[in-house]
Amino acid sequence: MAAEIYSNNVSFTYEHGDKSALIDIMLSIPKGQCIVLCGTSGCGKTTYSRVVNGLIPQFFHGEFSGEQHTCGINTTADPIDKLTPLAGSVFQNPKTQYFNAKVIDELAFPAENMGLSPEEINHRIAEIARRFNIESLLDRSIFHLSGGQKQRIALAAATMLSPMLLVLDEPTSNLDSVAIAQMRELIAQLKASGITIVIAEHRLAWLNGIADRYIIFDNGHIAHEYEADEFLALSPGCIAAMGLRALDLQPYRQRIKALESLTDTQLASTSDTNSSGLASAQHDDAAAAHSVSSPLLSTHDLVIGYRGRDSFSRSIPDLDLCPGQIIGLMGHNGCGKTTLVRTLTGLIKPASGTVLLNGKPVKPRALTRAGFLVMQDVNYQLFSDSVREELLLGLDESDPAIIKRCDQVLEDLDLTRFAGRHPMSLSGGQKQRVAIGSALMCGKDLIILDEPTSGLDRYHMEQVGELLRQLAEQGKTVLVVTHDEELAAGWCTSIINLEHNGSTTNPNS
Amino acid sequence: MHSSSSTEPVASSSQTSLQPSVVATTPGAPICSAVVDGSASKQSNQRARASRTLDPRTKLFMLLVANLMLFFHVSVITQIIMVVLFLIPLAAAGRWKLTMNFALTYAVLTGLGLLDPEALGLPWIHVVSALAVGCTMMLPCFITGAYAFTTTSPSAFICAMRRMHAPESVVIPCVVVIRFFPTIAEDYRQIRNAMALRGIAAGGWELVRHPAQSLEYILIPLLMNATNVAQDLSVAALTKGLGREGTHTSRTEIRMRFVDWLMMIVVLIPLALDIAGVIR
Numbered sequence: 001m002a003a004e005i006y007s008n009n010v011s012f013t014y015e016h017g018d019k020s021a022l023i024d025i026m027l028s029i030p031k032g033q034c035i036v037l038c039g040t041s042g043c044g045k046t047t048y049s050r051v052v053n054g055l056i057p058q059f060f061h062g063e064f065s066g067e068q069h070t071c072g073i074n075t076t077a078d079p080i081d082k083l084t085p086l087a088g089s090v091f092q093n094p095k096t097q098y099f100n101a102k103v104i105d106e107l108a109f110p111a112e113n114m115g116l117s118p119e120e121i122n123h124r125i126a127e128i129a130r131r132f133n134i135e136s137l138l139d140r141s142i143f144h145l146s147g148g149q150k151q152r153i154a155l156a157a158a159t160m161l162s163p164m165l166l167v168l169d170e171p172t173s174n175l176d177s178v179a180i181a182q183m184r185e186l187i188a189q190l191k192a193s194g195i196t197i198v199i200a201e202h203r204l205a206w207l208n209g210i211a212d213r214y215i216i217f218d219n220g221h222i223a224h225e226y227e228a229d230e231f232l233a234l235s236p237g238c239i240a241a242m243g244l245r246a247l248d249l250q251p252y253r254q255r256i257k258a259l260e261s262l263t264d265t266q267l268a269s270t271s272d273t274n275s276s277g278l279a280s281a282q283h284d285d286a287a288a289a290h291s292v293s294s295p296l297l298s299t300h301d302l303v304i305g306y307r308g309r310d311s312f313s314r315s316i317p318d319l320d321l322c323p324g325q326i327i328g329l330m331g332h333n334g335c336g337k338t339t340l341v342r343t344l345t346g347l348i349k350p351a352s353g354t355v356l357l358n359g360k361p362v363k364p365r366a367l368t369r370a371g372f373l374v375m376q377d378v379n380y381q382l383f384s385d386s387v388r389e390e391l392l393l394g395l396d397e398s399d400p401a402i403i404k405r406c407d408q409v410l411e412d413l414d415l416t417r418f419a420g421r422h423p424m425s426l427s428g429g430q431k432q433r434v435a436i437g438s439a440l441m442c443g444k445d446l447i448i449l450d451e452p453t454s455g456l457d458r459y460h461m462e463q464v465g466e467l468l469r470q471l472a473e474q475g476k477t478v479l480v481v482t483h484d485e486e487l488a489a490g491w492c493t494s495i496i497n498l499e500h501n502g503s504t505t506n507p508n509s
Numbered sequence: 001m002h003s004s005s006s007t008e009p010v011a012s013s014s015q016t017s018l019q020p021s022v023v024a025t026t027p028g029a030p031i032c033s034a035v036v037d038g039s040a041s042k043q044s045n046q047r048a049r050a051s052r053t054l055d056p057r058t059k060l061f062m063l064l065v066a067n068l069m070l071f072f073h074v075s076v077i078t079q080i081i082m083v084v085l086f087l088i089p090l091a092a093a094g095r096w097k098l099t100m101n102f103a104l105t106y107a108v109l110t111g112l113g114l115l116d117p118e119a120l121g122l123p124w125i126h127v128v129s130a131l132a133v134g135c136t137m138m139l140p141c142f143i144t145g146a147y148a149f150t151t152t153s154p155s156a157f158i159c160a161m162r163r164m165h166a167p168e169s170v171v172i173p174c175v176v177v178i179r180f181f182p183t184i185a186e187d188y189r190q191i192r193n194a195m196a197l198r199g200i201a202a203g204g205w206e207l208v209r210h211p212a213q214s215l216e217y218i219l220i221p222l223l224m225n226a227t228n229v230a231q232d233l234s235v236a237a238l239t240k241g242l243g244r245e246g247t248h249t250s251r252t253e254i255r256m257r258f259v260d261w262l263m264m265i266v267v268l269i270p271l272a273l274d275i276a277g278v279i280r
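Those protein sequences? They're chains G and Z, same order as listed.
The first sequence runs 1 to 509 under UniProt numbering.
The second sequence runs 1 to 280 under UniProt numbering.
Isolated chain G, as found in the complex (with noise of 0.2 Å):
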């Protein structure tokens, strides 16, 4: 049979798991494919991909049943190691998926576990740095690559023993759209070299033209299957009802592109009223919050930077970030969006220049105490035992005023059901709002978010994108450092990119 994957009747239960994460999957896929699996979160599409490579069920324990064939080796029965040289696999986290310091060693390390001459090794390395065009990295700690050059990295560590299967798990989701433009044309040419692909992912819209089929995964169920020329036909709100990412990124390049001109815009000529035909009810929004309040926080010559071993600086067009704005900060990886926050938050100094609070110049500390910034992975900033403790954290528990201002926030935020669980037994979604719960206790006015939306579906999201609108409601000012296209268009008033340097953003001026 021609079948390169093959399951019959696989139903699996997480060891610690309440209900099933996969129920009955019947599924079979022919050499040379490639096959997305999507769905929304908790759907089962990781742990399906996680039955492909066979870590289910022999990492991940649990509940096993029916019959698995991938490569056609039986994963059940046979050891895992007999598909090491068969299929390789690229994971989300590109911070946790390589073992060695220097990249040349990463590449290395799946050869010399399956015993590989070292003449034989050099000779694939020096082929596969070629063909993934990372030549220039060979030497490099891979520590200090950047997000996209670590999943390259993962790629071309996964296709070393030239496997005939490679599954890959949302791949994308730490990434830019420039680098997972240029993922799309590695697995493109993995593809037409004849290796079958499986990947499980929320954004889709980089596989169109590379997938052929799509298999939409709900709660543990395959709920469809589509050709890949059935479901692009799809009706964008017919992709929206399945719970799945937009196909087609062009509406919101283009609102996007609107929102950072917008901006520029205004900067431009607020007394001149007729600033082009762009989205005018938009426009008059973002003009309303900014006619009200004056700016929270400004910046005026800034530059930022770090000395050291990397180090970088940058000069920063002056900025205005007023209460009730959702501001999103974008630009590729390496711009330095996540220094700007920084100093910003007056985590480092800036490099020269004033950042202004209220219309006064201020020390970092200030900044500190002024702003508050979810990070990325939000479980660095959950300290206590439970989600009313991690939100009383500091504060007098005696004055009912702040019991009060506490069950307040845990009302908003939808935290109320939660109050007396432990926070790191939530989600993740659930997380961050106990972490934004923290900073609004701290009477914080700035809200800065760092990639809120990586890995999440279509659901959460908008769940991320109506949280920002409600705190801009409340009058926070909301910074939000994205690569989420989905998100910058639907839920922010204005549009930074700090890629293209002459853009100044100063609506106020």
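Keep in mind that the hints were calculated from the coordinates and are not lab data.
Predicted model, so just to flag it, every value in this text is computed and none were measured.
Treat the hints with care, since some could be wrong.
If you only want the chain G side, here are some residues facing chain Z, beta carbon under 7 Å, derived [what the hints assert, rightly or not]:
#1 F59
#2 N93
#3 G394
#4 S398
Derived Cβ-Cβ restraints for the label pairs, each shown as a range [unchecked claim]:
#5 Z:A91 - G:D248: 52 to 62 Å
#6 G:K349 - Z:V278: 32 to 42 Å
#7 Z:A230 - G:T416: 26 to 36 Å
#8 Z:W261 - G:Q189: 42 to 52 Å
For every residue, glycine included, the Cβ atom is placed at its ideal position computed from N, Cα and C.
Here the structure of chain G is known, so what remains is to put chain Z in place on it, guided by the hints.
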């Protein structure tokens, strides 16, 4: 040839520029005696780099000797000699900052240990000097440990351990530990930032004032993340065949050179003399 000449400056510049700000926990610059390929220029580059660090086995030997010092309770003079000896390779590997930190700490602690409370008429100094002596005894282990784990790449380490016929059940945890160090350093920075944003123990002083609380705030997120990272790493390693039965090879070439043997003998001499009672 052209490719090697183009990559070479990158490699060497990153090598030198990495050194100054590398702190105790970052094995950012893995300096191993790897032979990349047949190209002559690259080999010479590698050799130049290799000469700056010792074989992983020597490093482990030094770590063992440092532990023996603790065990045999060596005299202060022996200790000073040994610490100087241990610091030399660390400096040679280009870890100036780390070397200076260790040297200073050791000097201060030794100084405190030598204080004579009776002569000063301050009996409470006893506590300080006793603590200081305790720390000086452990410091050689920290120095050799830091040297072994921050200047060795995981691949060189795996190779060395396998050469010594260490069982896989020892090799794999050791490699994971090496891989973990930079993660912990990075996590720690993130957590401190998060604490600053929340206004918890923002400054270093606050951290010291409530040690138990600070430890909790730092350790819990650190451990929570460590479990996630450990799972991700195991999964990645598993799919790449780390635990596979059968022979594993290594393209990283390690070998014991003259300096290695010399170092091993030199560090043994003071210890032997001390145990023999020659140094008092």
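ask   = Tell me, which hint numbers fail for this structure?
value = Going through the list in order, the structure violates hints 4 and 6 and respects the others.
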